[in-house]
Each structure stands twice: as structure tokens, then as C-alpha cells.
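Participant: Between the sequences and the hints, there should be enough to build the whole structure, so can you do that?
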Amino acid sequence: MSNRVQRVHVSLTHSGAAAGAVPFYKTSAALLSHFCSDPALLHRIGLPQPCKLKQLPAAMPSDLETAMQLLITVFHRYAAKDDHNNTLSRRELRLLMENELSNFLKSQKDPHTIDKIMKDLDANGDGQVDFEEFVSLVVGLSVACEQCYQTHLKKTARQ
Amino acid sequence: MEAAIKTIVTTFINSSRGKDNLDSKSFQKLVQKQFSGTMEDTDSSSAIKEMQRGLDENSDGKVSFEEYLSLIGYVANAMSERKCGSNADAS
Numbered sequence: 001m002s003n004r005v006q007r008v009h010v011s012l013t014h015s016g017a018a019a020g021a022v023p024f025y026k027t028s029a030a031l032l033s034h035f036c037s038d039p040a041l042l043h044r045i046g047l048p049q050p051c052k053l054k055q056l057p058a059a060m061p062s063d064l065e066t067a068m069q070l071l072i073t074v075f076h077r078y079a080a081k082d083d084h085n086n087t088l089s090r091r092e093l094r095l096l097m098e099n100e101l102s103n104f105l106k107s108q109k110d111p112h113t114i115d116k117i118m119k120d121l122d123a124n125g126d127g128q129v130d131f132e133e134f135v136s137l138v139v140g141l142s143v144a145c146e147q148c149y150q151t152h153l154k155k156t157a158r159q
Numbered sequence: 001m002e003a004a005i006k007t008i009v010t011t012f013i014n015s016s017r018g019k020d021n022l023d024s025k026s027f028q029k030l031v032q033k034q035f036s037g038t039m040e041d042t043d044s045s046s047a048i049k050e051m052q053r054g055l056d057e058n059s060d061g062k063v064s065f066e067e068y069l070s071l072i073g074y075v076a077n078a079m080s081e082r083k084c085g086s087n088a089d090a091s
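Residue numbers (our numbering), protein chains in the order written: chain A, 1 to 159; chain B, 1 to 91.
Derived from the structure by calculation, the hints contain no laboratory data. Being a predicted model, the structure only gives us computed values, none of them experimental. Just so it is clear, CB atoms sit at the ideal spot from N, CA and C, and this is done for glycine as well. Don't take each hint at face value.
No farther apart than 25 Å at their CA atoms in a straight line, the calculated lysine to any residue pairs in the SDA-like style are these [claimed, not checked]: (1) K6(B) / H84(A); (2) K25(B) / D126(A); (3) K6(B) / T156(A); (4) K83(B) / L95(A); (5) K154(A) / K33(B); (6) K81(A) / T66(A); (7) K83(B) / N99(A); (8) K33(B) / L70(A); (9) K25(B) / S62(A); (10) K25(B) / Q150(A); (11) K154(A) / T7(B); (12) K33(B) / S62(A); (13) K6(B) / D63(A); (14) K83(B) / R77(A); (15) K29(B) / Q147(A).
Which stretches of chain A does chain B cover? Using the computed rule of at least three CB atoms under 8 Å from a CB of chain B, they are [claimed, not checked]: (16) 88-94; (17) 120-129; (18) 144-152.
Facilitator: Shown next, in the form of C-alpha cells:
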């Protein structure tokens with residue numbers, strides 16, 4: 001599983017060279033394989049299964065909660081476009097990335113980016129991306145963003 | 001959606017004040033501030049410590065960005081599953 005994710009290297013910067021190629025899903029497969037499917041881990045994190053989420057959404061959600069809600073809303077908005085309402089097909093993933101991640105896509109010169117991402121995300125090989133698989137895209141992008149930020153920090157520190 | 005990713009990254013960076021890892025104090029603050037609306041027991045510091053131990057893959061006593069993301073992924077999945085569940089109930 002980890003081999004699968006280390007193949008794709010993308011860069012978030014528009015120049016492509018500034019931050020270098022970032023290992024895209026470096027951590028996501030490892031993360032996913034345990035936080036989604038290992039019930040023992042849920043206990044280890046101190047969140048018994050089914051986890052202790054509050055029954056009612058908060059009246060004043062924090063930034064992070066809002067961000068997570070948004071990810072879920074976006075996923076389901078695109079997932080509902082065909083018969084499989086809880087998964088993204090290749091077409092839906094393309095639509096989602098074109099509309100929601102246009103800045104990221106602009107920096108990709110390879111026209112096959114979406115196909116490659118689809119192949120990498122689809123961990124169980126059913127041709128559909130479910131929410132758990134979609135989260136690894138978010139994780140990969142977040143790691144790439146964070147690495148860009150760290151590179152940027154080091155650069156400004158040197159100047 | 002790009003904004004959501006930005007929020008996830010900046011939340012970590014603001015809490016760690018530019019460092020690579022969150023120490024237990026900043027992690028506790030982050031959980032209390034950001035997850036109090038979603039998770040139970042965020043006001044109990046022992047529950048948060050327990051959670052931090054569970055996240056700490058390399059057992060260095062700190063929470064790295066990757067470890068932080070696994071918490072986000074876990075909570076987002078749980079939220080999503082609950083949402084799907086309630087949709088199924090409604091229909």
C-alpha cells in the first residue's frame with residue numbers, strides 16, 4: 001500500500017522548481033490504513049467506537065470544525081451527481097478538482113494528473129473514491145502545503 | 001476547498017508557532033479551542049493527554065503535523081459517517 005502512494009510526486013508551486021517535488025501521498029496511506037480500519041487505534045486515541053462525537057453540531061463551530069464540515073459538504077455535493085451517492089466516480093473527481101482545487105490543478109503541467117490521482121486514491125480498486133480515500137487527498141495536499149510553508153520560512157530566514 | 005486546506009495548515013502552524021511539532025500544552029489548547037464543539041471531553045486534560053498518547057506514532061511526546069492530520073482525518077471521517085447515517089435514516 002505504501003508503494004502505491006509514493007509513486008506520485010507533485011509540486012504545489014507554480015514555478016514547479018521553487019519548493020521541489022513533494023512526495024504527494026507520502027503519509028496518507030499509512031495514516032488511512034490505521035485511522036480508518038483499525039478499531040484498536042480508535043481506543044488508543046481515546047475515542048471509543050463509535051466515537052464520542054457530540055450529538056448536536058456546535059452553535060459556534062471553530063475554524064477547524066468549519067473546515068472539516070466544508071470538506072464533507074464538498075465531497076457529498078460532487079458525490080451526489082450520479083447513482084453512487086457516497087462515492088466519487090472519475091468524472092466527479094475531475095469536476096471536484098477543476099472547481100474546488102483549480103489553483104492546485106493550474107500548477108500541474110501533466111494532463112494525466114487527475115487520472116493518476118484517481119488511481120492512487122482508489123485504495124480498494126473499485127473505480128470509486130469514497131470519503132476515506134478522499135481524505136488522503138486532503139492529507140496529501142495539506143502535507144505539501146506545510147512543506148511549501150517550511151521551505152518558504154527557511155528561505156526568508158536565509159535572506 | 002482550498003480555503004479548508006489552508007485552515008488546516010494554518011491552524012497547526014499558529015498553534016506550534018512555526019515549530020515542527022506541537023508540545024502537549026499547545027496540543028491541549030488546540031483541541032480545546034478547535035474541537036470543543038465536535039468532541040466530548042475536551043475540557044478534561046487527562047482525556048486529551050490520552051488522545052495525544054494515541055496519536056504519538058514515534059513516541060516523542062509531541063504531536064507532529066502528520067500525527068495532527070491523522071486526528072483531523074479521523075474526526076472528519078466520523079463526522080461524515082454520522083452524516084451519511086442520518087441521511088439514510090431520513091430517507
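Participant: Each hint: holds or not?
Facilitator: Verification of the supplied hints:
1. Pair hint K6(B) plus H84(A) does not hold up; C-alpha atoms about 29 Å apart against a cutoff of 25 Å.
2. This hinted pair does not check out: K25(B) and D126(A) have alpha carbons roughly 43 Å apart, beyond 25 Å.
3. For the given pair, K6(B) sits about 20 Å from T156(A) by alpha-carbon distance, which is consistent with the 25 Å threshold.
4. With a CA separation close to 22 Å, the supplied pair K83(B) and L95(A) stays within the 25 Å bound.
5. Under the criterion of a C-alpha separation no larger than 25 Å, the hint pairing K154(A) with K33(B) is inconsistent with the structure, at around 29 Å.
6. For the given pair, K81(A) sits about 23 Å from T66(A) by alpha-carbon distance, which is consistent with the 25 Å threshold.
7. Taking the CA atoms of K83(B) and N99(A), the gap is about 23 Å. The hint holds against a cut of 25 Å.
8. For a cut-off of 25 Å, the pair hint linking K33(B) to L70(A) stands: about 18 Å separates their Cα positions.
9. Distance restraint check for K25(B) and S62(A): the Cα-Cα separation of roughly 19 Å lies within the 25 Å cut-off, and the hinted pair is therefore satisfied.
10. This hinted pair checks out: K25(B) and Q150(A) have alpha carbons roughly 22 Å apart, not beyond 25 Å.
11. The suggested pairing of K154(A) with T7(B) holds, with an alpha-carbon distance near 21 Å, which does not exceed 25 Å.
12. Restraint check for K33(B) and S62(A): the C-alpha separation of about 7 Å stays at or below 25 Å, so the hint holds.
13. Among the hinted pairs, K6(B) with D63(A) is consistent with the structure: their alpha-carbon atoms are about 11 Å apart, no more than 25 Å.
14. For the given pair, K83(B) sits about 13 Å from R77(A) by alpha-carbon distance, which is consistent with the 25 Å threshold.
15. Proximity of K29(B) to Q147(A) is assessed by CA-CA distance (about 23 Å); at most 25 Å being required, the pair is judged to hold.
16. For the stretch 88-94 of chain A, the stated coverage by chain B is violated: 0 residues have a C-beta nearer than 8 Å to a C-beta of that chain, whereas at least 3 were required.
17. With 0 residues having a Cβ less than 8 Å from any Cβ of chain B, the stretch 120-129 of chain A misses the three-residue criterion, and the hint is violated.
18. Restraint check on the stretch 144-152 of chain A versus chain B: 4 residues with Cβ-Cβ distances below 8 Å, three needed, restraint holds.
Of the numbered hints listed earlier, those contradicted by the structure are 1, 2, 5, 16, 17.
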